[in-house]
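Chemist: Here is how the chains run, residue by residue.
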Amino acid sequence: MDKLELDGIPTTTRSFLQVAATEEAAPPLRVVQIEGLVILKIIKHCKDHSPSLVTGQLLGLDVGSVLEVTNCFPFPMREEDEEIEADGANYQLEMMRCLREVNVDNNTVGWYQSTLLGSFQTVELIETFMNYQENIRRCVCIIYDPSRSDQGVLALKALKLSDSFMELYRSNNFTGEKLREKNLSWVDIFEEIPIKVSNSALISAFMTELEPDTPVTQCDYDRLQLSTSSLMERNVEFLIECMDDLSLEQQKFQFFYRSLSRQQAQQQAWLQKRRAENMARKSAGEEPLPEEDPSNPIFKPLPEPSRLESFLITNQISNYCNQINGVSGQSFNRLYLMKALHED
Amino acid sequence: MASSDRTVLQFSLSSSSQSLSAKVHPLVIFNICDCYVRRPDQADRVIGTLLGSVLPDGTVDIRNSYAVPHNESIEQVALDIEYHHNMLISHQKVNPKEIIVGWYSTGLGVTGGSALIHEFYSREVQNPIHLTVDTGFTNGGGTIKAYVSHNLSLGDRQIAAQFQEIPLDLRMVEAERIGFDMLKATAVDKIPSDLEGMEASMQHLLVLIDDIYKYVDDVVEGRVAPDNKIGRFISDAVGSLPKVSPPVFDKLVNDCLQDHLLLLYLSSITRTQLSLAEKLNTAAQIL
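Line order of the protein sequences matches chains A and B.
If you read the first sequence in this note's numbering, its first letter stands for residue 1, the second for the next number, and so on.
If you read the second sequence in this note's numbering, its first letter stands for residue 1, the second for the next number, and so on.
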């Protein structure tokens, strides 16, 4: 993107040289503005292919602190063959070219993916983010959960990785010290950005006309449904699985600490022996041996296991907990409503 | 489309067209409007392909669409056929079940050029549907109509094509699911959360109940003539509340409440555990 183009809100005019010379500090991304068209497309694509997970590309414009998403196109389901890789890239180029011909914004601003009950925090997501981040200055990932739409909730989220996390990931260093240094905890990995919806005036006119006259819509029917048990069951199931994974990670840490302390004890013992030997040699008038011996295997530093997995799992768990809370809240409302109705 | 008094024009009506109707998904309307807004300056209208499927009862289900660049002048109409095929192949990679079911154009009514384009599309698929979306709002409203064409033949010769309107189902169930508030306004500040949505739905329900109350009151006091059908509906609705005795019902509700409270409790414990675990993990120092 042209540097001059981004300078859409200057109050003073600057010479081209000045603008080209200064590093423009990008305003932080504050809101993602999606068009109704994109929302409908994402919903349709995810719903058509549920329960399998699908992805697609987002197109739009990056304006100041707002990221506008004006169109999107879905990716075909990928087989695991190598030759399909080239096909996938071809498909993308073809779609972008065709859309350009009808004046659609040709600018990739991110991608969307569907998820199942919010289990999207994986290492693949982070890697995809890093890939995109190398080419595009600002990109977002939109997550849509089609299973929640049966409850009448539009489960759409815009995510991006926080900057501090990205730096840490690049250095691939997730030891405890580094994390304490940066004061990074598991909430800091993903940043959720608020979504705004915008529609063109033409479509707004059409929708106003096409809106049915009934005071109650399908959305209301969905929300007032009493049966949430299947959704809750699946949520709790996933929660339990994640807790198992988390406890596995915890065990890894425990093992690491235990072996570390054992190694230190061994080191101390060896050091004592050496010192005793040196005393003996000094009294015998010989050269003291060095107090360190790097070739001895007990001095080899043990690698500390990475905490990335545990952070991701923690994120997932907290997501499930949030969902459970949300669904419970809705159910409480419904139950009290039923109670009140029955009393009359 | 003119019938003279002396010769009889043959209308070749196929039996399927009598029950043919079409159903449009809201995405198609959105697509068409978006393409119209983005059209190149010299074009008056936008033309594109409709994708969808034919349901077993004969209804044509229009689910998706894409615009096709075209050039139109008084004498001729030129459509970018290669673009059309390329987009079709790309779309079918994602959704192999969607096939061409017709084409659309913006603007009111059917023009002469449309007949030529319709002929092209009838070579691609049998009996294509022509959808017109009036983006100019000429009749004071956005009219959306669907047509199929029949060939008028005089004896053996084909003279003209007659575009016959077919019933169009514009129920926007998916749009309703999202909520028309989000799709109607030109700018919405945020997507409603779970509880806000519940609140809105409950308010709708309250309004409905109030209306029914008022109606029943009016009928009892003689202000409004009673309508037996509505009365029957109301009694059906009230009767559909399950007849369980109060203690059984209370027990049912309380059991559900307790289940949900338990789940809430479990999730709070989990979160406490998470923050503890995290503190332990990162705070442990290597001495």
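These aren't lab readings, by the way, just hints derived from the structure by calculation.
Even glycine gets a Cβ: it sits at the ideal position worked out from N, Cα and C.
There may be inaccurate statements among the hints.
Just a few of them, taken from the derived set where beta-carbon distance is under 7 Å, the chain B residues facing chain A [claimed, not checked]: (1) Met198; (2) Ser201; (3) Ile269; (4) Thr270.
Chemist: Give a verdict on every hint.
Modeler: Okay, the hints, checked on the actual structure:
1. Met198: At 5 Å from the nearest chain A Cβ, Met198(B) passes the 7 Å test, so the hint holds.
2. Ser201: holds, 4 Å
3. Ile269: violated, 9 Å
4. Thr270: holds, 5 Å
Figure legend: structure checked against the earlier numbered hints; the only hint not met is number 3.
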